[in-house]
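Student: In case you want the letters, here they are:
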Amino acid sequence: MMEIRNISKRFGIFRALHNVSMRVQAGEINAVVGENGAGKTTLMNILFGLLPPDAGTILFNGAPVRITSPAVARRMGIGMVHQHFKLAPALSAMENIILLAGRGLISGGRRLVAARAAEWQNRLGWRLPLDEPVSRLAIGQRQRVEIIQALCAGGKLLILDEPTASLAPMEVEDLFAALRSLAASGTAVLFISHKLAQVTEICRRITILRRGDAVYTGELAGLTHAMLAEKMIGGNVPQAISRPPPPVGGEARLALADVTVKREASIVLHHVSLQVHSGQIVGIAGVEGNGQSALVECIADPTLPAAGKMTLSTTRDSAPQRTGRRQLLAIIPEDRRTDGLVPGLSVTANMLLKRHHQPPFARWGFLRFSTWRSFTLRRMQEFDIRCPDLDTPVGALSGGNQQKLVLARELSDSPEFILAVNPTRGLDITATAFVMNQLVRARNAGAAVLLIHADLDELLAVSDRVAVMYEGQLSDTDWPHTSRESIGRLMLGVRA
Amino acid sequence: MAAGENIVTFLAQQMIAAAVPLVMAGIGELVAELAGVINIGIEGLMLTGCIAAYTAASCGYGSIGLCAGILGAMALAAMFATVAVSGRADQIVCGAAINILAVGASGTAWAVFQNWRQKHDMSVSLPHGAGFHKWPLPFLSRTPFFGPALFDQYTLCYVTILLGILVWWLLRYARLGLIIRSLGDFPEACQAAGIRVRAWRWGAVLFAGGCAGAAGAYLSIMRTHSFAADMTGGQGFVVLALVIFGRWNLFGLTAGCLLFGFINALQQVLQTARYTAHNRLLESLQHIPFQWFQMLPYAAALLALAVMAKNRPGPRALGRAWPPETPGE
Amino acid sequence: MKIRQSLLSVGATVMACAAAFGAVLLVLWACGYPPLGILHRWLIGAVGNSYYISNSLAETCPLLLTGLAAGIAFRSGVLNIGAQGQFLIGAMVSVGLATRWQVTPAVMPTIVIAVVGGAVGGGLWAVLAGALERWRGVPVVLSTILLNFVAFYLVEIILSGPLQAHGTSAPQSAEIQGRYWLPVLIKFSSLHIGVLLAFCLAALLYVVNRQTVFGFQTLVTGLNPRAAQLAGIPVARQQMTVIFVSGGLAGLGGAFQVLGVTHFLIANFGSYGYAGIAVALLGRLNPLGIAFSALFFGMLDTGALRVEESSLGLPHNIADVVKGTVLLVMLLLLAFINRRRISPTAKVDAAATEGR
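Chains as they are written, first to last, in the working numbering: chain A, 1 to 496; chain B, 497 to 825; chain C, 826 to 1181.
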């Protein structure tokens, strides 16, 4: 159905894609796998008309085509389901479908589109509340809306970008069932992911990208998991560092008792109680948007209105009023570019964001830049941050280096309490291992770590205790004695 | 307007007459804000509409004046869009620049026009037939109370009502409305749907410019047949406040505009009543400096915002440039 | 790298000024006015002799202070565009303290009290807008604009009430007695000491911005308030301080203007507040840049007076046309520069992190 030949794309000196060729057949589920930064996103953007390729051709139904814009891609029958959904939250699901699938400015073929949407819903066995505003839908439902949107727009080839990234395990099963039934009815599916296990479960053909090269493309049958992983990562898989059992009776560093937070008249945190002890990583699993951000804000900023009690204790004798509460906390926020860093400022300024007002970095209200430089240089060496020079704006660094900078700022003075939210987002496997190892190392050194993470597998790999967040409520599990499946069920609010 | 019942009719009529330019400009600003562009230069656009309409109408035809008002404001709106939409500059800052430019340009144009008028021995007022006069609708205008208030107005009043209904319907039911709302809510959705965000925002800004121009023309060649340098007197800013007050909803906006039309009418009545007072209430008002009444609309706008603005965020992408900032800027 | 960038931005600004000036003259030429004649008179009126130069400098003072007011606010993300109202309130308080509400007959204390009172008055007027945002969620952009109008009528009310000059029915204050005027630097000129102080304040703010904790924190807050909050910077308190300082600077401008130049007050007191926004942006929010752009605008204003006096039939508003055009041209130029500056590395990063 679609074939791409020798596609290349570079950005400046960076080679994002190099001579990539692959084929997608109708009625088949195909996969593109690769680490973050391997070129998956670039390939997808080229197929969807958001980026022009530097070289190479794309054949659609045998004829060479030029996909110059998303509109062209759609007219050809390419439908895209984005990882970060492109649905307007204030509009209803149906309105979003009409926006994409409709034609013309007045009615937009409202009736026709609605009928088609109903038909697809029937065929896939879904029952979505299409008249609700998207902002009120759960993540899984939004994804289904995007799938129906693409199908209603006449999608013959469905590209799904990391579709399982924020789904609970059960939802993943449902999604796969839907994709299989779509493929059976003749739709081509292109599944883009960095999770090998899921790919082998569902796909027939696979393309593996590594640093812009297609290192393998062809049938999946006959390849073991280990062989695939070796192809994808290319050599040594970074090792996780050892994790001795947590000390018994470590004292509670963070204690939340019955915390309730309301926002705009709806309750986002519902009587949450939680204790994090030193030497322990407490993982909070859950599908995004179930109150995690409220929990983070509540811990990070105690001035926000909330009912209940929160205590943060320390063993250090330095008076809190001198150092400030923030200095006791290490926060690795979810989105480093909007919450963790100031992209327009230099590496140095970002490194000092938390401490700039304390001696020796400032005295009598004046900044002492000489101390800033040496401090930054030391931290950069310690955490292996690479950048041209200290005055480079942080926005120009790669994602991995940005995250390392946040880690260096937050973790380097052995904090007693660490709050980490989705800390491996968008990082490749080496950087992911680095981040996770840092957290484990801090825990081994006696820090209390609260890890809120959407990636269940990574979360389970490092946590000593796991709790699940669903619709603002926190339910404890006795991990590691519970199964992954029952945690997955809790993520959907199903009690065992 | 001496006796009691006449005052009520007069107030209603004046309320509508004062609300018309606010609603007209408000419709445009509402559409632009829903599309994600806030233009605080709307005051300047209205002022441009005033002067352009007035000078053009001096040729003797009011309709040409109206067109000139609309086109003049649209030209300035196009400058705004070039910088703020295409150039991705800060919208608030661009709006402020537009205001400064409009104040200066209208003042200069007015002086130049006066000179030119003197040189060519033209009269200092608009020629006969150049300004619009009220156009009472047959039959309707003679219904009691509502008749004179709603149907004995300038043409633009009726146009505004029709435009309001049209825009409301489009925003609510048409795909065009979906496009506009998603532009301001989540432009990424438009991009994915193959809709060109910047082109559509341009359209919205031009539409807002046209509306503001018409509102300005209403002030100079309909409601009064004159021009003054501070003719708009902050009405554009009041419109901005009213869009928020109305929670980005056409009905809320209209209600707000009527409220301010009423305050404005009341202020006029009270000001004139100082000299023609018959009853005790009005007499007691005489001792209040009339500036309090002039201040009333702005203070009321502030008060309305203080009551209404809390926890009511506008369009999510309001004021944000497209495409979003690339890192490393 | 850094030097090249600042040269680039200075160059862009100068280019914007020249281009805007050229464009305005071109339009006037098309309307049948002699561009060279206008330019000549403009230059004479701005810097033709010592009298004009001192006038230009005196005109720079309020522009500089309102420009600094807007600059410090914008830099920290507080969109205070109400310098006009704060300027007026400052002038009103100041003229009151120097005439009707005098605390002491002594000369120096009265001047100091009037100046400080004006600044505090302007600051408090601005804090009103800050408080409305903090507790009622009213955007500062709107509240400050609306407060401009409220301030205007409030000042008119007070000028026709408690502060009205004897023997007049117009809303205007009595003239301040000569001994309470701001001392002048050069005899028989309008060059009062406030001009010097304003330039010193610009230098001071430059140091504050670059070298102090406060300056760093306001910068971070302006660039990314969420990150600032998470980094433990007290954003809300910070912004309230900034808006007070901002309003205070505008109020100080009003105080200097009334004590040093006009010596009495009417509500129609020039549109320095609005012009301050343009000054701040032309100076790229940098206090030194603001000093230069205020100087430029000051010369623009005094030069335009001379253009108006001449028989060409052009009003002094022509200066406003140039101001607005300069601002638009500069915004456009900056957009163009920024687009070119988005470097390949940034694009790589965008591509790499897009799939986050």
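No wet-lab data here; the hints were simulated from the structure. Check the hints yourself; a few may be wrong.
In silico DMTMM-like pairs for lysine to aspartate or glutamate, Cα to Cα no more than 20 Å straight-line [unchecked claim]:
(1) Lys262(A) x Glu251(A)
(2) Lys195(A) x Glu28(A)
(3) Lys262(A) x Glu230(A)
(4) Lys156(A) x Glu297(A)
(5) Lys615(B) x Glu1133(C)
(6) Lys615(B) x Glu1134(C)
No experiment lies behind these values; they were computed from the predicted model shown.
Student: For this structure, which hints from the list above don't hold up?
Tutor: 1, 3, 4
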